[in-house]
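Please take these sequences and the hints and turn them into a complete structure.
Chains A and B, in that order, are what the protein sequence lines are. Each residue of the first sequence is one higher than the one before, starting from 1 at the first, in this note's numbering. Each residue of the second sequence is one higher than the one before, starting from 1 at the first, in this note's numbering.
Any given hint could be a false lead.
Unchecked claim - Here are some chain A residues the structure puts well away from chain B; computed CB gaps all over 10 Å: (1) L29; (2) E48; (3) S108; (4) R166; (5) L181; (6) R188; (7) E204.
Said to hold, decoys possible - With a Cα cut of at most 25 Å, we get these calculated SDA-like pairs of lysine to any residue: (8) B:K245 - A:H196; (9) B:K78 - B:L37; (10) B:K199 - A:H196.
Hint data in this document are derived by calculation from the structure and do not stem from the laboratory. Here the structure is a predicted model, which is why all the values come from computation and not from measurement. From the three backbone atoms N, C-alpha and C, an ideal C-beta is built for every residue, glycine too.
Take a look at the letters that make up each chain.
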Amino acid sequence: MRLSQREDCLEALYTIASESEKAVRLADLSRELQMSDEEIQAILDELEQQGHIARLAGGDVVLTDTGRELGEGVFRKHRTLECFLTEMLGMDADKASQEACRLEHDVSDETIDRLSLYICDSCPGAYRWGRKREQKPAQEGMQSLLDFSEGDELSVVSVCGPGWRRRLIDLGIVPGQSISLKRKLRNRSIVIRVKHCDVALSPEIARSIFVEKRT
Amino acid sequence: MKVALIGNPSVGKSLIFNQLTGIGVEVSNYPGTTVELKGGSTCYQREMIDIVDLPGIYSLDGTSEEEELVRTFLLEGKADAVIVVMDATRLERNLYLLLQVAEFGIPMIAVLNMIDEMEKAGLEIDTTALEYQLGIEVLQTAASKGRNIEKIIPLVRSSARPATLTVPYDRSVEAAVRTLEKTLGAGRTESLWALQGIKKDFALFEAASAITEQIEARHRMTIQQIIAANRHNYARTIADRVIKKREARKRFDLDQLLTGTIPGIPILILVLLSTLLFVFIVGAFLEETIVEAFQILLIDPLLGLGLPPLVETIALSLAIALQAGLGIAFPFVFIFYILLSILEDTGYMTRAAFLADNAMHRVGMHGGAIIPLILGLGCNVPAVMGLRNLTSRREKIIGAFLITMVPCSARTVIILGIVAAFVGILPALTIYLIVFLLITATGLLLSRFTPGEQYGMILEMAPLRLPQAELVIKKSWMRMQEFLFIAMPMLLVGSIFLGLFEFFGITAMFEELIAPFSEGVLGIPSYAATALLFGILRKEMAFEMLAILGGTANLSAMMTSLQLYIFALVSVLFVPCVSTIAVLFREMGGRITAAVTFYTVGLGIIIGALVNLLFG
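Given below as structure tokens:
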């Protein structure tokens, strides 16, 4: 079985599982991958041998920790590439997705890291309404506003998301700016203080502002 | 001479404009209430000076409607001079906009407003130093107290001049600007815009975008961020140089209470409920007094005159319309507007928006949308106009549906005047509950099916202030005028027509036609259905017309409790009034307006029929 097929399968498992947060049914998987059941069974056998998935009674599949990690990695590559192709190169969304599907298996982690640093991971299409799952910070070691608690004195590292970037910039939320986290509700709406003004932000906006602790 | 006022949202621009021109413009303590250009004029030394109040904006480089409007305004040289109004307590952020305005090279002065608040916060700004840094005249004012406002026009007239400051941009940006200047002969300002991707001149834009890519690749930041960071840094440098002292503020921060989940949300609910209750109780008291006074002083003497029947019909219709309009709508609407103005001026609305953000996400909008929804409790028309501040079309569509369902003060009059007065307080509250549930259900449904993107909230919290009685009354009165001068004539004319229809038997014919439907489906008498139709003109007219058509203000004498309940419920739910439809059409276009109208009509009739079926 080819590596790319195994990766596709893990990616599909990862996306389906993160949406429903349950075991994945075979039918869902074959719909997502558009492959026959036999083909999928063969791939799953191989993945099970490698310890990336576990099979439950009734044929449902769950990802193991290593499998989840791999699936997430492929998913992230896919998203970054897709974002780059649509946002930066202006490619049509469907085509970009297909292209990303091919490229994601060959591209190195370093390239993806550099690429995502460049385009700042959250292209607007990546945030789909209805998907409640928390998105991980784009880069290892980078923390968004949501990772800090009330009263922390912070400094902005980068800001993502073209849709709302402009307003944030105009309010002074630019890299290097000192801000303090004034209020964080349990539902993750926050208030930050920037340039002596209080600004209220929704969680999805706060998530796109990467910060570090001021020393 | 034409002078433009420019500044961030809620820096007191509109208030200054009011005082300069004496023309009524609404002032609000939350971002973005002045969207259209408001103009007025004043006379200074026998010269006419036209003053334009530009919408409050944070930046001139953005792509929002307001920002584009202001940019074109300045670009086309429509203003001979500009007054940049700044909030002295937020100098650094306000300077950011001033730096951008300065690049236009238009003669200008700066007004440092709210110095009273600045003094309270323990700050002092060295005006002379600031004048030196900016190269223009700076005036300290306190618009809420009228301090120094009279000096603005003389200062503009005598010493407005282009600012001498230059923002030191990043070397690569400066190099790019030079390149564009040399190769294409573009000015500095246009070059900076082109670099930020604002299309004006195509060749310039193409050349700039090639350079932009290089710069962005090198800096790993977008060019907008680089340019903005340069301006912000320069603004900070200036602010640091001119702000004299900064005492640590030891005042108790009320926001600790207002924005926390725990006392915050109960406080929010309490504020909204007590607002409604206050309107109910005080409004009901005033209503009774006014209605009775009209009865004794106008209607009874009129009936005693023994006029010829036609004249009496017309006169009586007029009198009843006056009684209903002034006595029923006036107390509720005016009191609600006063409370609303207080809420706005204290800056509490932005706290409400913050707290409601999460809940609003569930119905497909963000916290900012709570402001038009609350405004809708007063009148749907300004609320629909407030939809402009929402970012995406998806949010606007959902907002349009929900706002038109919010029971405005006119509908409150119906609920109170009919259900609370003749059926009971509890049934009246159930109407609110039904409407609230329907709004939530509609929001949940629409958020699933409306296409488009979901944007989050980025909202500047207005500073907490003590509202000033004079300003509150003025603003409420301004809003009330719409009611008096647009609604009252309509009510009077409508009433006369009704009186005449009645007199010539047209009403009876119509009622005969509609009777099977109204009695069969809704279980209400046919004249009540006629009254319902009048609700389309203005919501509370449904109630007033019911009294007129029924010939008595004692509604329980002519309809059963259930009939009254259904009548109120249907008229609250169905069809936004004509003014709302008109403003919806302007803001959202024909299709959405039609959809909203049909949806609400359907909803009203279905719910009404359902209640009739269940309890009839």
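- Query: Hey, does E204 (chain A) actually stay past 10 Å from chain B on C-beta?
  - Reply: 5 Å, violated
- Query: CA of K245 (chain B) to CA of H196 (chain A), is that 25 Å or under?
  - Reply: Given that 25 Å is the threshold and the Cα spacing comes to 14 Å, the pair holds.
- Exclusion check [S108 (chain A) not at the chain B interface, CB over 10 Å]: 19 Å, holds
- Claimed clearance of chain B by R166 (chain A), with the beta carbon kept past 10 Å: 5 Å, violated
- If you draw a straight line from the CA of K199 (chain B) to the CA of H196 (chain A), is it 25 Å or shorter? Judged against 25 Å, a Cα distance of about 33 Å means the pair is violated.
- Compute the least Cβ-Cβ separation between R188 (chain A) and chain B, then decide whether it is above 10 Å. Violated, since 8 Å does not exceed 10 Å.
- Query: Quick one, are K78 (chain B) and L37 (chain B) close enough, alpha carbons at most 25 Å?
  - Reply: 12 Å, holds
- May I ask you to check that L29 (chain A) keeps its beta-carbon over 10 Å from the closest beta-carbon of chain B? Since the minimum Cβ distance to chain B is about 25 Å, L29 (chain A) lies beyond 10 Å and the statement holds.
- Query: Hey, does E48 (chain A) actually stay past 10 Å from chain B on C-beta?
  - Reply: 37 Å, holds
- Message: Over 10 Å from every CB of chain B: does L181 (chain A) meet that, or does the non-interface label fail?
- Response: L181 (chain A) clear of chain B: closest Cβ-Cβ about 12 Å, beyond 10 Å.
Consistency with the previously given hints fails for numbers 4, 6, 7 and 10, ordered from lowest to highest.
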